[in-house]
Amino acid sequence: NAGVTQTPKFQVLKTGQSMTLQCAQDMNHEYMSWYRQDPGMGLRLIHYSVGAGITDQGEVPNGYNVSRSTTEDFPLRLLSAAPSQTSVYFCASSSLAGGDYEQYFGPGTRLTVT
Amino acid sequence: GENVEQHPSTLSVQEGDSAVIKCTYSDSASNYFPWYKQELGKRPQLIIDIRSNVGEKKDQRIAVTLNKTAKHFSLHITETQPEDSAVYFCASDRTDAGNMLTFGGGTRLMVKP
Chain H
18 NAGVTQTPKF QVLKTGQSMT LQCAQDMNHE YMSWYRQDPG MGLRLIHYSV
68 GAGITDQGEV PNGYNVSRST TEDFPLRLLS AAPSQTSVYF CASSSLAGGD
118 YEQYFGPGTR LTVT
Chain Z
-1 GENVEQHPST LSVQEGDSAV IKCTYSDSAS NYFPWYKQEL GKRPQLIIDI
49 RSNVGEKKDQ RIAVTLNKTA KHFSLHITET QPEDSAVYFC ASDRTDAGNM
99 LTFGGGTRLM VKP
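Protein chains in written order, with the working numbering: chain H, 18 to 131; chain Z, -1 to 111.
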């Protein structure tokens, strides 16, 4: 299993540009989440999904959209990038199967908005 | 919403000593409390977790304690080694899936050889 994969690893955007961060998992996990991590801080939840076709907002959803058309994929769209969105973005997946709460994190996407 | 406070923000110990990191949370409905280790430039890795129906859990040199009444939980690392040096994050979750974590601000642990 590849686990949770994210692309790209690095991205530089200009203010106002849009882009999609990709996230995929091959563990058949029903739950997927997006977090952002600003320098020297903990992760903050942006959006999450409890299954295909179901998404909801987390703590810091403004400026981001998500969709979940398949169990495997959970892309994060930046609608109009702002310097305040400069951060490292982590995707995570988890499953209740077997009573395992563990969230498996992807390697992250480092985004800089100039 | 939930608020998780973590202390200290930095901790320096001598190799072989113990390290303790403490977290408090605000939402009495929180029922899952994981701890993550994050090395520089890497993803967070789960090192231990505890659910609200348990007061303590141990895994070799690592232990976590939970006091639901006081709404705080702690990470204990014994016999620290230089490879324990990293940033540690506590988190909490009130869902059944552990997929809506609220993180503390992190503790940078430095273990001096």
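If you're looking for bench data, these hints aren't it; they were derived computationally from the structure.
Values in this document were obtained by computation on a predicted structure and should not be read as measured data.
Each hint should be verified, as a subset may be incorrect.
Below, in silico cross-link-like pairs of lysine to any residue (SDA-like), each with a Cα-Cα straight-line distance of 20 Å or less [claimed, not checked]: (1) H:K26 to Z:K20; (2) H:K26 to Z:K56; (3) H:K31 to H:E119; (4) Z:K40 to H:Y121; (5) Z:K40 to H:T22; (6) Z:K40 to H:K31; (7) H:K26 to Z:K40; (8) Z:K20 to H:V130; (9) Z:K35 to H:V130; (10) Z:K110 to H:K26; (11) Z:K40 to H:G20; (12) Z:K56 to H:G57; (13) Z:K35 to H:V105; (14) H:K26 to Z:L38; (15) Z:K40 to H:T103; (16) Z:K40 to H:Q28; (17) Z:K35 to H:R61; (18) Z:K40 to H:D55; (19) Z:K40 to H:T129; (20) Z:K40 to H:R127; (21) Z:K40 to H:P25.
Stretch-level coverage of chain H by chain Z, calculated; a stretch enters the list once three of its residues show a Cβ under 8 Å from a Cβ in chain Z [said to hold, decoys possible]: (22) 60 to 72; (23) 119 to 131.
Cβ coordinates follow ideal geometry from the N, Cα and C atoms, glycine included.
Against the structure, the hints come out as follows:
1. Only pairs whose Cα atoms come within 20 Å are accepted, and K26 of chain H paired with K20 of chain Z is rejected, the gap being roughly 33 Å.
2. This hinted pair does not check out: K26 of chain H and K56 of chain Z have alpha carbons roughly 35 Å apart, beyond 20 Å.
3. Between K31 of chain H and E119 of chain H the alpha-carbon distance is near 36 Å, which puts this suggested pair outside the 20 Å criterion.
4. Between K40 of chain Z and Y121 of chain H the CA atoms are separated by roughly 13 Å; this keeps the pair inside 20 Å, and the hint holds.
5. Using a Cα cut-off of 20 Å, the hinted pair K40 of chain Z and T22 of chain H holds, with the two alpha carbons roughly 13 Å apart.
6. Of the pairs offered as hints, the one joining K40 of chain Z and K31 of chain H is violated, with about 25 Å between alpha carbons and a cut-off of 20 Å exceeded.
7. Distance hint between K26 of chain H and K40 of chain Z is fulfilled; the C-alpha atoms sit about 12 Å from each other, no more than 20 Å.
8. Between the alpha carbons of K20 of chain Z and V130 of chain H the distance comes to roughly 34 Å, so the proposed pair goes past 20 Å and is violated.
9. For the given pair, K35 of chain Z sits about 27 Å from V130 of chain H by alpha-carbon distance, which is inconsistent with the 20 Å threshold.
10. Pair hint K110 of chain Z plus K26 of chain H does not hold up; C-alpha atoms about 32 Å apart against a cutoff of 20 Å.
11. Under the criterion of a C-alpha separation no larger than 20 Å, the hint pairing K40 of chain Z with G20 of chain H is consistent with the structure, at around 15 Å.
12. As the CA atoms of K56 of chain Z and G57 of chain H are separated by approximately 28 Å, the hinted pair breaks the 20 Å bound.
13. With a C-alpha separation of about 16 Å, the suggested pair K35 of chain Z and V105 of chain H falls inside the 20 Å cut-off, and the hint holds.
14. Distance restraint check for K26 of chain H and L38 of chain Z: the Cα-Cα separation of roughly 15 Å lies within the 20 Å cut-off, and the hinted pair is therefore satisfied.
15. For the suggested pair K40 of chain Z and T103 of chain H, the alpha carbons sit about 17 Å apart, so the restraint of at most 20 Å is met.
16. Between K40 of chain Z and Q28 of chain H, the direct Cα distance comes to roughly 17 Å. Compliance with the 20 Å bound is thereby established for this hinted pair.
17. With a C-alpha separation of about 16 Å, the suggested pairing of K35 of chain Z with R61 of chain H holds against the 20 Å cut-off.
18. Proposed proximity of K40 of chain Z and D55 of chain H is supported: the alpha carbons are some 14 Å apart, at most 20 Å.
19. With a CA separation close to 17 Å, the supplied pair K40 of chain Z and T129 of chain H stays within the 20 Å bound.
20. For a cut-off of 20 Å, the pair hint linking K40 of chain Z to R127 of chain H stands: about 11 Å separates their Cα positions.
21. Between K40 of chain Z and P25 of chain H, the direct Cα distance comes to roughly 15 Å. Compliance with the 20 Å bound is thereby established for this hinted pair.
22. Counting residues of the segment 60 to 72 of chain H whose beta-carbon sits less than 8 Å from any beta-carbon of chain Z gives 5, enough to reach three: the coverage restraint holds.
23. Against chain Z, the segment 119 to 131 of chain H contributes 6 residues with a C-beta closer than 8 Å to a partner C-beta. That satisfies the three-residue criterion, and the hint holds.
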